[in-house]
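J.: Since the structure of chain A is already known, use the hints to place chain B on it.
Listed here are the chains, written in short residue letters.
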Amino acid sequence: MNELLDVKELCVEYRTSRATIRAVKDVSFSLAKGSTLGLVGESGSGKSTLGHAIVRLVSPPGVIVRGRVSFDGIDLLSIDEDGMRKIRGKRIAMVFQDPMSSLSPVKKVGQHFVEYIREHEPSTSEAEALQRAKATFEDLGIDRSRVDDYPHQFSGGMRQRVMIGLAIALQPELIIADEPTTALDVVVEAQILELLKDLKRKYSLSMILITHNMGVVAETTDRIAVMYAGKLMEVAGTRKLFADPKNPYTRALLQSIPNILLDDQELRSIPGSPPDLANPPTGCPFHPRCPHVFDRCRVEEPKLKKVDGETETACHLFG
Amino acid sequence: MPFLEVVDLKKYFPVQKGMVEQLLSRKLTYVKAVDGVTFSVDKGDIFGLVGESGSGKTTTGRLTVGLLKPTSGRVIIGGVDVPSLNKEELRRFRRRMQIIFQDPTASLNPKMKVGDAVADALRLLTDADAETAKKRVLEMFEYVGLTPAGEIYSRYPRNLSGGQKQRVVIARALVTRPEYVVADEPVAMVDVSVRAQILDVMKEMHERLGLTYLFITHDLAVAKYLCSRIAIMYLGRFFETGNVEDIFGLPLHPYTQALLAAVPVPDPTVRREKKIPRGEIPNAINPPSGCRFHPRCPYATEICSREEPQLRQVDTSKASHLVACHWAEKFL
Chain A
661 MNELLDVKEL CVEYRTSRAT IRAVKDVSFS LAKGSTLGLV GESGSGKSTL
711 GHAIVRLVSP PGVIVRGRVS FDGIDLLSID EDGMRKIRGK RIAMVFQDPM
761 SSLSPVKKVG QHFVEYIREH EPSTSEAEAL QRAKATFEDL GIDRSRVDDY
811 PHQFSGGMRQ RVMIGLAIAL QPELIIADEP TTALDVVVEA QILELLKDLK
861 RKYSLSMILI THNMGVVAET TDRIAVMYAG KLMEVAGTRK LFADPKNPYT
911 RALLQSIPNI LLDDQELRSI PGSPPDLANP PTGCPFHPRC PHVFDRCRVE
961 EPKLKKVDGE TETACHLFG
Chain B
2 MPFLEVVDLK KYFPVQKGMV EQLLSRKLTY VKAVDGVTFS VDKGDIFGLV
52 GESGSGKTTT GRLTVGLLKP TSGRVIIGGV DVPSLNKEEL RRFRRRMQII
102 FQDPTASLNP KMKVGDAVAD ALRLLTDADA ETAKKRVLEM FEYVGLTPAG
152 EIYSRYPRNL SGGQKQRVVI ARALVTRPEY VVADEPVAMV DVSVRAQILD
202 VMKEMHERLG LTYLFITHDL AVAKYLCSRI AIMYLGRFFE TGNVEDIFGL
252 PLHPYTQALL AAVPVPDPTV RREKKIPRGE IPNAINPPSG CRFHPRCPYA
302 TEICSREEPQ LRQVDTSKAS HLVACHWAEK FL
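As you go down the protein sequences, you meet chains A and B in turn. Numbering-wise (the working numbering), the first sequence opens with residue 661 and increments by one. Numbering-wise (the working numbering), the second sequence opens with residue 2 and increments by one.
The following block holds chain A by itself, in its conformation from the complex:
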């Protein structure tokens, strides 16, 4: 396997005077070159923190406590900030949920591209950078002339296209997209997901797609990592995860989601709610809600391990 990214036992904590919240707990996974990994979880599961930690963008009071993030053989957690800047944006780019807060309202959209490109490649001239912006606009399905427009002249979906354009402008190898379609209506969401798939093919990108939407990961990813309370509960190939989920949390989640293609579907709701991370349960974080809970689950935290082919799961039911 040709791994582009390898994360080992990564731990991130938010430390305040009142409590220490373990937002990412001993997370290990890898991403093969050219593939898309879906990182799914509910709000507060730590999926977004994990995405940010990979490029060392955890903001205080968040701290990367330990672990290893190896990208194309480079240990990202040990290089200096200068070295990191050469990778962030240039080789690993991020796309966030809210495009408006990332674009300056007083700058033409093309100017955002020019500044971004020249920041990372100072030798590129303004004219050249603007040409590249226009070429990127074609990839995005936006008229080239609109580089002269301001962000407010774009609709929500167009702005998200622009953000994706900025992310690919420096031809990165990996894109981390954090809920890129959550704020969008369903038709625009479908357009953006199609765009991401097209760009991925065209430029052989690898991608981590962070989302709470099981439908989105089903349609766009090769593998899925399921997160709950800071912990990876299950990692498996996308088809395998849906066909044969091992972890009780994954199983419960899949049974609780309405599917538009099914008639007279019976939903099974999961009792209780996700844990408060300032005061997490002992043992397995899902044990208070788990239908298969037994004594060991209350005291010992299960570790992620291979249970069936490529499927890894963290559950005491599997030894």
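The hints are simulated quantities; they were obtained by calculation from the structure and are not laboratory data. Watch out, some of these pointers could steer you wrong.
[As the list claims (entries may be wrong)] 27 Å max Cα-Cα, derived DSS-like pairs, lysine-lysine:
{"no.": "1", "chain 1": "A", "residue 1": "K860", "chain 2": "A", "residue 2": "K794"}
{"no.": "2", "chain 1": "A", "residue 1": "K862", "chain 2": "B", "residue 2": "K276"}
{"no.": "3", "chain 1": "A", "residue 1": "K668", "chain 2": "A", "residue 2": "K768"}
{"no.": "4", "chain 1": "B", "residue 1": "K44", "chain 2": "B", "residue 2": "K11"}
{"no.": "5", "chain 1": "A", "residue 1": "K862", "chain 2": "B", "residue 2": "K44"}
{"no.": "6", "chain 1": "A", "residue 1": "K794", "chain 2": "A", "residue 2": "K862"}
{"no.": "7", "chain 1": "A", "residue 1": "K768", "chain 2": "A", "residue 2": "K794"}
{"no.": "8", "chain 1": "B", "residue 1": "K275", "chain 2": "A", "residue 2": "K900"}
{"no.": "9", "chain 1": "B", "residue 1": "K275", "chain 2": "A", "residue 2": "K860"}
{"no.": "10", "chain 1": "B", "residue 1": "K319", "chain 2": "B", "residue 2": "K331"}
{"no.": "11", "chain 1": "A", "residue 1": "K963", "chain 2": "A", "residue 2": "K693"}
{"no.": "12", "chain 1": "B", "residue 1": "K276", "chain 2": "A", "residue 2": "K860"}
{"no.": "13", "chain 1": "B", "residue 1": "K275", "chain 2": "A", "residue 2": "K857"}
{"no.": "14", "chain 1": "A", "residue 1": "K906", "chain 2": "A", "residue 2": "K750"}
{"no.": "15", "chain 1": "B", "residue 1": "K136", "chain 2": "B", "residue 2": "K114"}
{"no.": "16", "chain 1": "B", "residue 1": "K276", "chain 2": "A", "residue 2": "K857"}
{"no.": "17", "chain 1": "A", "residue 1": "K906", "chain 2": "A", "residue 2": "K693"}
[As the list claims (entries may be wrong)] From the derived model, a few chain A residues whose C-beta atoms are all more than 12 Å from chain B:
{"no.": "18", "residue": "D666"}
{"no.": "19", "residue": "Y674"}
{"no.": "20", "residue": "S677"}
{"no.": "21", "residue": "R678"}
{"no.": "22", "residue": "G701"}
{"no.": "23", "residue": "V715"}
{"no.": "24", "residue": "G722"}
{"no.": "25", "residue": "S761"}
{"no.": "26", "residue": "S762"}
{"no.": "27", "residue": "Q791"}
{"no.": "28", "residue": "R792"}
{"no.": "29", "residue": "F902"}
{"no.": "30", "residue": "L964"}
{"no.": "31", "residue": "K965"}
{"no.": "32", "residue": "L977"}
Cβ atoms here follow ideal geometry from the backbone N, Cα and C, with glycine treated the same way.
T.: Same frame as chain A, but now just chain B:
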């Protein structure tokens, strides 16, 4: 006789303009949030209003419970003409109809014990005394699964999970024993693993209390799961309405077809051809001429840009399935 009857309902909001613009033109411009909507809901039914943001579904919901005055048109609930009620009549009527909002945190006063908040709502709308109110709140908490009710009663919103807060909001809406409830995206802001719980509570309350719901959602899968009839809205108009089985079985409007194709399906073995329309919902201040969907529609012809299609029956075997498209026969 239907329980809720809405006839040619319109709501135009005037657009705020700058002073110079106001001086230069005397004509007011309007956002036509709801622009001629007609439907009825039978007692005990769940009717879904489905659409993207800006479609007018929330405005329609608010108009039906008298939170907004319509520009024109009629809303009749249980024989009462809602827009004609004065303030006092509306207050008395309000215990019979309730609205559940999307964001449970914004709907609850952070400085008030949730039990007291619900009791207050009850006392405001009925003549229940403090003791009776508390008793009924505790009963209602049990009913919607907020247990142990006595303990939850004296908690503050910050000490409840998102799902519990939404249950409190549901309890507050139902404690006055309303006949009609507008639920405006009640699960949109609830955690994924808690959504099914909330949908179940709503379904159960509907069955046990014989409620009539107007269920507003952007989520077609949720609408299919919960509703018996739905309407697809776009720029203030109904594009298609009918039984859930009919619309999901054979959608007759190109926009409905596009919406259904766009919904991501949680099943990786499903491979569907996605015909996603270009562009986004245009501005409601200047909606397109003719059919409002025509600039994005793959089937649009000249007539579509000229003439606005009206809701009509296309499949003769399905009397309640109506569609507003000049070319709907094509899809039979």
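J.: Now tell me if each hint is right for this structure.
T.: A quick look at each hint next to the structure:
With a C-alpha separation of about 19 Å, the suggested pair A:K860 and A:K794 falls inside the 27 Å cut-off, and the hint holds. Taking the CA atoms of A:K862 and B:K276, the gap is about 21 Å. The hint holds against a cut of 27 Å. Between A:K668 and A:K768, the direct Cα distance comes to roughly 41 Å. Violation of the 27 Å bound is thereby established for this hinted pair. Distance hint between B:K44 and B:K11 is fulfilled; the C-alpha atoms sit about 24 Å from each other, no more than 27 Å.
Our distance criterion of 27 Å between C-alpha atoms is broken by A:K862 and B:K44, whose separation comes to about 55 Å. With a CA separation close to 17 Å, the supplied pair A:K794 and A:K862 stays within the 27 Å bound. Proposed proximity of A:K768 and A:K794 is supported: the alpha carbons are some 13 Å apart, at most 27 Å. Of the supplied pair hints, the one linking B:K275 and A:K900 holds, its CA atoms being roughly 23 Å apart against a limit of 27 Å.
Under the criterion of a C-alpha separation no larger than 27 Å, the hint pairing B:K275 with A:K860 is consistent with the structure, at around 18 Å. About 16 Å separates the Cα atoms of B:K319 and B:K331, which keeps this hinted pair within 27 Å; it holds. This hinted pair checks out: A:K963 and A:K693 have alpha carbons roughly 26 Å apart, not beyond 27 Å. Proximity of B:K276 to A:K860 is assessed by CA-CA distance (about 20 Å); at most 27 Å being required, the pair is judged to hold.
With a CA separation close to 13 Å, the supplied pair B:K275 and A:K857 stays within the 27 Å bound. In summary, the hint linking A:K906 to A:K750 is not supported, as the alpha carbons are separated by about 38 Å, beyond the 27 Å threshold. Note on B:K136 and B:K114: the hinted pairing holds, with a Cα-Cα distance of about 15 Å set against a maximum of 27 Å. With a C-alpha separation of about 15 Å, the suggested pairing of B:K276 with A:K857 holds against the 27 Å cut-off.
At roughly 26 Å between alpha-carbon atoms, A:K906 and A:K693 fall within 27 Å of each other, so this suggested pair holds. Every C-beta of chain B lies more than 12 Å from that of A:D666, the closest at about 25 Å, which supports listing it as non-interface. Its beta-carbon lying about 18 Å from the closest one in chain B, A:Y674 satisfies the requirement of being farther than 12 Å from that chain. For A:S677, the non-interface assignment is confirmed: its Cβ lies about 19 Å from the closest Cβ of chain B, beyond the 12 Å cut-off.
Under the 12 Å C-beta cut-off, the non-interface status given to A:R678 relative to chain B holds; the minimum distance is some 14 Å. Annotated as non-interface, A:G701 brings its C-beta within 12 Å of a C-beta of chain B; the closest such distance is 9 Å. Every beta carbon of chain B lies more than 12 Å from that of A:V715, the smallest distance being close to 26 Å; the non-interface claim holds. Distance to chain B confirms A:G722 as a non-interface residue, since its nearest Cβ pair spans about 21 Å, more than 12 Å.
The non-interface label for A:S761 is consistent with chain B: the shortest C-beta to C-beta separation is roughly 18 Å, beyond 12 Å. With a least beta-carbon separation of about 19 Å from chain B, A:S762 lies farther than 12 Å from that chain, consistent with its non-interface assignment. Residue-level check passed: A:Q791 sits 26 Å from the nearest beta carbon of chain B, beyond 12 Å. Chain B leaves A:R792 outside its interface by the beta-carbon criterion, the shortest separation being 25 Å against a cut-off of 12 Å.
With a least CB separation of 5 Å from chain B, A:F902 falls inside the 12 Å interface cut-off, contrary to its annotation. At roughly 20 Å from the closest C-beta of chain B, the C-beta of A:L964 stays outside 12 Å, upholding its exclusion from the interface. Non-interface call for A:K965 relative to chain B: holds, since the shortest CB-CB distance, roughly 23 Å, exceeds 12 Å. The beta carbon of A:L977 sits about 19 Å from the closest Cβ of chain B, which is more than 12 Å, so the claim that it is off the interface holds.
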